[in-house]
Amino acid sequence: MAHARGMVVVGAGEAGTRAALCLRERGYAGRVTLVGDEVHPPYERPPLSKGAGAADALPELKAISTREQLAAANIEFLHSARAAAIDPAEGTVRLPNGTVLFYDKLLLGTGAAPRRLPMADAARHCAYFRTYDDAVAIRRRLGPGSRVAIIGAGFIGLELAASARERGATVTVIEAQPRILTRGVPAEIAAVLHARHEEAGIEILCGEGVTGITEDAETVRLALTSGRTVAADIAVIGIGATPVTGLAEAAGLAIDNGIAVDDALRTSDPHIFAAGDCCSFPLALYGGRRVRLEAWRNAQQQGALAARNMLGAGEAYAAVPWFWSDQHGLGLQVAGLPDEGCCIVRRDLGGALVLFHLSADGRLVAASGIGPGHAVARDVRVTEMLIAGRAAPPAGDLARPEVKLKSLLAR
Amino acid sequence: MAEWVQACGESDVDPEDVIRFDHDGRTFAVYRSPEGEFFATDGLCTHEKVHLADGLVMDETIECPKHNGRFDYKSGQAMGAPVCVNLKTYPVKREGGQVLIEI
Chain A
1 MAHARGMVVV
11 GAGEAGTRAA
21 LCLRERGYAG
31 RVTLVGDEVH
41 PPYERPPLSK
51 GAGAADALPE
61 LKAISTREQL
71 AAANIEFLHS
81 ARAAAIDPAE
91 GTVRLPNGTV
101 LFYDKLLLGT
111 GAAPRRLPMA
121 DAARHCAYFR
131 TYDDAVAIRR
141 RLGPGSRVAI
151 IGAGFIGLEL
161 AASARERGAT
171 VTVIEAQPRI
181 LTRGVPAEIA
191 AVLHARHEEA
201 GIEILCGEGV
211 TGITEDAETV
221 RLALTSGRTV
231 AADIAVIGIG
241 ATPVTGLAEA
251 AGLAIDNGIA
261 VDDALRTSDP
271 HIFAAGDCCS
281 FPLALYGGRR
291 VRLEAWRNAQ
301 QQGALAARNM
311 LGAGEAYAAV
321 PWFWSDQHGL
331 GLQVAGLPDE
341 GCCIVRRDLG
351 GALVLFHLSA
361 DGRLVAASGI
371 GPGHAVARDV
381 RVTEMLIAGR
391 AAPPAGDLAR
401 PEVKLKSLLA
411 R
Chain B
1001 MAEWVQACGE
1011 SDVDPEDVIR
1021 FDHDGRTFAV
1031 YRSPEGEFFA
1041 TDGLCTHEKV
1051 HLADGLVMDE
1061 TIECPKHNGR
1071 FDYKSGQAMG
1081 APVCVNLKTY
1091 PVKREGGQVL
1101 IEI
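For the record, the sequence lines run as chains A and B.
Following the working numbering, the numbering of the first sequence begins with 1 at its first residue and continues without gaps.
Following the working numbering, the numbering of the second sequence begins with 1001 at its first residue and continues without gaps.
These are computed hints drawn from the structure, not numbers from a lab.
Model, not experiment: these values are computed from the prediction.
Any given hint could turn out to be false.
Claimed, not checked - In silico DSS-like pairs for lysine-lysine, Cα to Cα no more than 25 Å straight-line:
hint, chain 1, residue 1, chain 2, residue 2
1, A, Lys62, B, Lys1049
2, A, Lys62, A, Lys50
3, A, Lys50, B, Lys1049
4, B, Lys1074, A, Lys406
5, B, Lys1088, B, Lys1049
6, B, Lys1074, A, Lys404
7, A, Lys62, B, Lys1088
8, B, Lys1093, B, Lys1074
9, B, Lys1049, B, Lys1074
10, B, Lys1088, B, Lys1074
What the hints assert, rightly or not - For the chain B half of the interface with chain A, some residues (derived, Cβ under 7 Å), not all of them:
hint, residue
11, Asp1054
12, Leu1056
13, Pro1065
Every residue, glycine too, gets a C-beta built ideally from N, C-alpha and C.
Please construct the entire structure, taking both the sequences and the accompanying hints into account.
Structure representation (structure tokens):
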């Protein structure tokens, strides 16, 4: 019997949902099925860890697309469904309840999952942060007078620290590295943020590992390498994330720090694509270096591109990596890959700071900035365009705030 | 009732740029096109209430500094994900070196 094949998207996060919507925007008329493992309609993750709505009882669930909008776009949304297996030879995805979906093209947007801290596995007062339900569970335990320990001074940990402090909690952040944000953020920018956290009354302990976790009915106690103990009502573990690749691995797809895709986001199976946090891909701008990004805009843009390529567009992904974070009213943005640079040019905006990262041959490879609100947004955005154009602007122009970066773009 | 209010001087906005203008508890964005014409819209992005004046003007579009949603600032038209709600625009006139908007 012939089955009606269509487009199947596994993962209803940013990448998967944008892809499903984009298939319709591009006029695809066949069946589109979006499979999500959470009960909620697809929602935006960035607001969950950030300070917005600190006065509200529960975090806001900001839908990417409501159930009604998905239905209106004729996208079949299956919630609470974790795909069990892919059969690439048959072109099928099987769900745990026995449902079998037949695909022409399949997109995997399975995302990433918090890296586990094994010693916390049996702990009741330890939590991870990824989903809306995680945010609700943590939010319920935050308030004036509550004590929060955060393990890991990455973006999730620091954003949570800032929003917990805004809610009146006592916050201690524990980081094994000698400074916060060692991954992808230059030391000078991290130092600005570190100082702001301390000014807000947050204690940050760098160079401290957690050697043991003990609990009683009310309290979790973290033993640190220095011998100190931190007691808290809840400990949130934010030590990074790992790509969710089990389904792809079982289907025999190539894995390389995530589901390996080519520049068109195609996996080692030509009918299966991957997008967002779960995949690693080559960046032509950086000599084909393979990267995996955990970033909202990357997920959104890759979702849309994967959809176009599922329809045969054959486009290469060429976006410049970009992410942002908001903490205590400071906005941080990074475009490009700072670790590709060998020297830094500073642009002091008076209260805000942008660093340009240049390669040995003077090419702009990244910009990172921090300042109140969106003070650095425009400069970082223009730098992104300069990077995309492989520009090597004069360092003197970059350093002088009165020179509009836009004037350095080739028009 | 609509009224004309003085938003800024002509020289306060560079060509192909934008500034923020607050009035009576409301916030607006005033643009100058590459050709030197002035335009005005609501000041906040329709996606997440971010000040558009911190964003980037390229030709006839303003790009939100937060999520890069783009609008045609002449018509207010939203130009694709993540923005889907158009920006409200306001009539603009110039008088004696000043830029006025009707709000």
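Here's how the hints hold up against the structure:
| no. | hint | verdict |
| --- | --- | --- |
| 1 | A:Lys62 <-> B:Lys1049 | holds, 13 Å |
| 2 | A:Lys62 <-> A:Lys50 | holds, 13 Å |
| 3 | A:Lys50 <-> B:Lys1049 | holds, 15 Å |
| 4 | B:Lys1074 <-> A:Lys406 | holds, 21 Å |
| 5 | B:Lys1088 <-> B:Lys1049 | holds, 13 Å |
| 6 | B:Lys1074 <-> A:Lys404 | holds, 23 Å |
| 7 | A:Lys62 <-> B:Lys1088 | holds, 23 Å |
| 8 | B:Lys1093 <-> B:Lys1074 | holds, 14 Å |
| 9 | B:Lys1049 <-> B:Lys1074 | holds, 19 Å |
| 10 | B:Lys1088 <-> B:Lys1074 | holds, 10 Å |
| 11 | Asp1054 | holds, 4 Å |
| 12 | Leu1056 | holds, 5 Å |
| 13 | Pro1065 | holds, 3 Å |
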